[in-house]
Amino acid sequence: MYFSIHSHKILDLDYNSEIATPKSKEIEWLDLENKHIEHTNLIGKALSSIQESPLKKVVLATSLRYNGAVNSPLSYFKKILAQYTNTFNYLLFHPDYGVWMGATPERLITMSGHRLQTMALAGTRPYGSSEWGNKEKEEQEFVVREIVNTLEQYTTSDHIEYSDTETIRAGHLEHLRTTITAELSISPIDAAQALHPTPAVGGVPKQMALDFICRHERLNRSLYSGFLGVVCPEQTSLYVNLRCMSIQDDMATVYVGGGITEKSDPQDEWQEVLQKANTMGRILASEQ
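In our numbering, each residue's number is its place in the sequence shown (first place is 1) plus 80.
The hints are simulated quantities; they were obtained by calculation from the structure and are not laboratory data.
Straight-line distance between alpha carbons at most 27 Å, and here's what the computed BS3-like set of lysine-lysine pairs gives:
#: 1; residue 1: Lys286; residue 2: Lys125
#: 2; residue 1: Lys343; residue 2: Lys286
#: 3; residue 1: Lys125; residue 2: Lys343
#: 4; residue 1: Lys105; residue 2: Lys158
#: 5; residue 1: Lys159; residue 2: Lys105
#: 6; residue 1: Lys136; residue 2: Lys343
#: 7; residue 1: Lys286; residue 2: Lys136
#: 8; residue 1: Lys217; residue 2: Lys343
#: 9; residue 1: Lys217; residue 2: Lys125
#: 10; residue 1: Lys115; residue 2: Lys215
Derived DEER-like restraints, expressed as beta-carbon distance ranges:
#: 11; residue 1: Gln347; residue 2: Glu241; range: 35 to 45 Å
#: 12; residue 1: Asp238; residue 2: Asn114; range: 48 to 58 Å
#: 13; residue 1: Pro206; residue 2: Glu241; range: 26 to 36 Å
#: 14; residue 1: Arg225; residue 2: Asp291; range: 12 to 22 Å
#: 15; residue 1: Arg295; residue 2: Asp111; range: 22 to 32 Å
#: 16; residue 1: Glu108; residue 2: Arg225; range: 36 to 46 Å
Ideal placement from N, C-alpha and C gives every residue a C-beta, glycine not left out.
Sequences are here, hints too, so could you generate the full structure?
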């Protein structure tokens, strides 16, 4: 299975160029050096496992605590709405989990009747970079293949449609995206449960990656990388909970992750973590 990468075609996903990005103070995270060491050591374990077993990809997550005063959650959410205009933006409170908010670019499913549309969203680089590397292309291929293989178990048609892979812009970052469409015999909730967690938040093979995460990842992911959205009789739209943060006890915690393959470099992966964390970090540090 091969996919073409439209690196020349940059699609704005969640950034409105007509809205000025709020001025931000320097983003500071608590205990950053220890987090760096802990996460790169975890990546090293993943790379060893990939070399020694059938594991091909595993998504490793961490959390960063904002080193600064925390304001009203509603004020942060208003900034999210102003700055990220085409993502799924949400603000919720749960007595067991506290306040959560986010601006996720990743749709898990949109389903009307029996027609489902989903996406493979993988690969991350700063906006304006020139070419995608082999690591990012391979990672995207893993995600597409796994989603298609899952949907083939439930499709009522002879084939599953998927688009060319394109580059999309998500704020200060770019990702690879492939849109996948299928006619299914199951309900929207069953479809979401069959797909989740996709290789974009779990790994390949799925169960082996999840076992590695349970054994080695010290983070309690809580609501991070789950899914949420709107369920209606006419249409169900569910999104993967990425680019998100929680606020509890006057402390803001940002959750981030990244896919590890045999081509991963631990220090490059750490830089990707920081780039993703800054999506919410800029909101927290905004002076407007």
